[in-house]
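Please build the complete structure, drawing on both the sequences and the hints.
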Amino acid sequence: MQQQLSDIELITAILEGNTAAYAELVKRHQRYVFTLAMRYAKNREDAEEIAQDTFVKAYRALGTFKQSSKFSTWLFTITYTTAMTFLRKKRLLTDSINDEESGIQLENHISSYQANGIEQRSGYVFLNQAIDQLLPDDAAIITLFYKGEQSLEEIGQALKMEPNTIKVKLHRARTRLKEKLQFLLKDEVKELL
Amino acid sequence: MKTIDEEIWAYIDGSCDALERTRIAEKIATDESYALAFQELSKLNELMASEELEEPSMSFSRNVMDAVAQEIAPKKLNTKVNNGIIYGIAAFFLLSLSAIFIYVVANSSPTVSTAEFKLPSPAFNFDLSEVLSPLSMKIFLMVDLTLALLYMDRLLRRKMHANKTTLS
Numbered sequence: 000m001q002q003q004l005s006d007i008e009l010i011t012a013i014l015e016g017n018t019a020a021y022a023e024l025v026k027r028h029q030r031y032v033f034t035l036a037m038r039y040a041k042n043r044e045d046a047e048e049i050a051q052d053t054f055v056k057a058y059r060a061l062g063t064f065k066q067s068s069k070f071s072t073w074l075f076t077i078t079y080t081t082a083m084t085f086l087r088k089k090r091l092l093t094d095s096i097n098d099e100e101s102g103i104q105l106e107n108h109i110s111s112y113q114a115n116g117i118e119q120r121s122g123y124v125f126l127n128q129a130i131d132q133l134l135p136d137d138a139a140i141i142t143l144f145y146k147g148e149q150s151l152e153e154i155g156q157a158l159k160m161e162p163n164t165i166k167v168k169l170h171r172a173r174t175r176l177k178e179k180l181q182f183l184l185k186d187e188v189k190e191l192l
Numbered sequence: 000m001k002t003i004d005e006e007i008w009a010y011i012d013g014s015c016d017a018l019e020r021t022r023i024a025e026k027i028a029t030d031e032s033y034a035l036a037f038q039e040l041s042k043l044n045e046l047m048a049s050e051e052l053e054e055p056s057m058s059f060s061r062n063v064m065d066a067v068a069q070e071i072a073p074k075k076l077n078t079k080v081n082n083g084i085i086y087g088i089a090a091f092f093l094l095s096l097s098a099i100f101i102y103v104v105a106n107s108s109p110t111v112s113t114a115e116f117k118l119p120s121p122a123f124n125f126d127l128s129e130v131l132s133p134l135s136m137k138i139f140l141m142v143d144l145t146l147a148l149l150y151m152d153r154l155l156r157r158k159m160h161a162n163k164t165t166l167s
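Protein chains in written order, with numbering that gives the first Met the number 0: chain A, 0 to 192; chain B, 0 to 167.
Take every hint as true, because none was put in to throw you off.
Calculated pairs, DSS-like style, for lysine-lysine (alpha carbon to alpha carbon, straight line, at most 27 Å):
no. : chain 1 : residue 1 : chain 2 : residue 2
1   : B       : K158      : A       : K88
2   : A       : K146      : A       : K69
3   : A       : K41       : B       : K42
4   : A       : K26       : A       : K65
5   : B       : K42       : A       : K179
6   : A       : K166      : B       : K26
7   : A       : K177      : B       : K1
8   : A       : K41       : A       : K177
9   : A       : K89       : A       : K56
10  : A       : K159      : B       : K75
11  : A       : K26       : B       : K75
12  : A       : K159      : A       : K146
13  : A       : K179      : A       : K41
14  : B       : K26       : A       : K177
15  : A       : K88       : A       : K41
16  : B       : K75       : A       : K56
17  : A       : K69       : B       : K74
18  : A       : K166      : A       : K177
19  : A       : K69       : A       : K26
20  : A       : K166      : B       : K1
21  : A       : K69       : A       : K159
22  : A       : K179      : B       : K1
23  : A       : K159      : A       : K65
24  : A       : K166      : B       : K42
25  : A       : K146      : B       : K42
26  : A       : K56       : B       : K158
27  : A       : K177      : A       : K159
28  : A       : K146      : A       : K65
29  : A       : K26       : B       : K74
What follows is a set of in silico ranges between Cβ atoms, one per label pair, in the way DEER data are often shown:
no. : chain 1 : residue 1 : chain 2 : residue 2 : range
30  : B       : F139      : A       : R27       : 53 to 59 Å
31  : B       : M57       : A       : S68       : 27 to 33 Å
32  : A       : T80       : B       : H160      : 16 to 22 Å
By construction, these hints were calculated from the structure, which means they are not laboratory data.
Cβ coordinates follow ideal geometry from the N, Cα and C atoms, glycine included.
Here it is as structure tokens:
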């Protein structure tokens, strides 16, 4: 069986002209990037736009990747800046929407989860709901720490923050997540947690 | 002072030292509040670690590759930037500065005594007023004005473009 090429080997191949190898890199990291984008965008359409933009930007800048950090860390840095730019543009367009309306939107979002029946009453659905209610940075830190296999230093690098700040934010995010899960699950929380 | 949750998270993450780890393990074994917190946080930790990642649409990677196909193929940065040019510029400035320094030192007459210390006065053998003629000043101001106008034009264009983007 052919051994899977590492990220660095794939990047070398792309830089040497085998641009089709980029498809493998996209396939390998698309779920991480998309999940991270979801933490900021909160809806699939916007998240796909952010994720797609991230991969295009990464492709353009591939020659500048110094290989002193993991490719995934570098990619998450691009995802973060792309998401920030996207949200800034979107905020300019939706300045008229006040906090009250945002609250209603959030409730609808939760009720759509609840309306989907027994199958979704699993821990993961509630966990996703709870993550959605966290601050975008906190939600991204949780994702990077648990799913991106990133150290506190690497997360700090991607989000342009000190590792100690990330440590504090991670603790805060986990505490809030626990509280939100307790609120969402009420009596079921003891079975789940 | 650390809270119970902070201690338990450090224990679960393995971010505390061996001594601290042993102390927390003992607390979990003997203290009910620690045991309960450990049970809760371990389950939350397992839940987060085993959570599935979001899946983008089926056409996602194809869309990315289509967008990427429109781009210029990336190349290693060292092929884009010629190091020779960078070193050449650096060498030019270093040589110029060294030449000026040597010239100034060679043409100066330093006077050092115990009572007073005077900095060496460089003796330049050219008349500065010849260089700073009214014509050269006019050219200098004209270039400055042109650059300022170009900068203003660029700034206003950028603002206009930003406003357009916001409105659309």
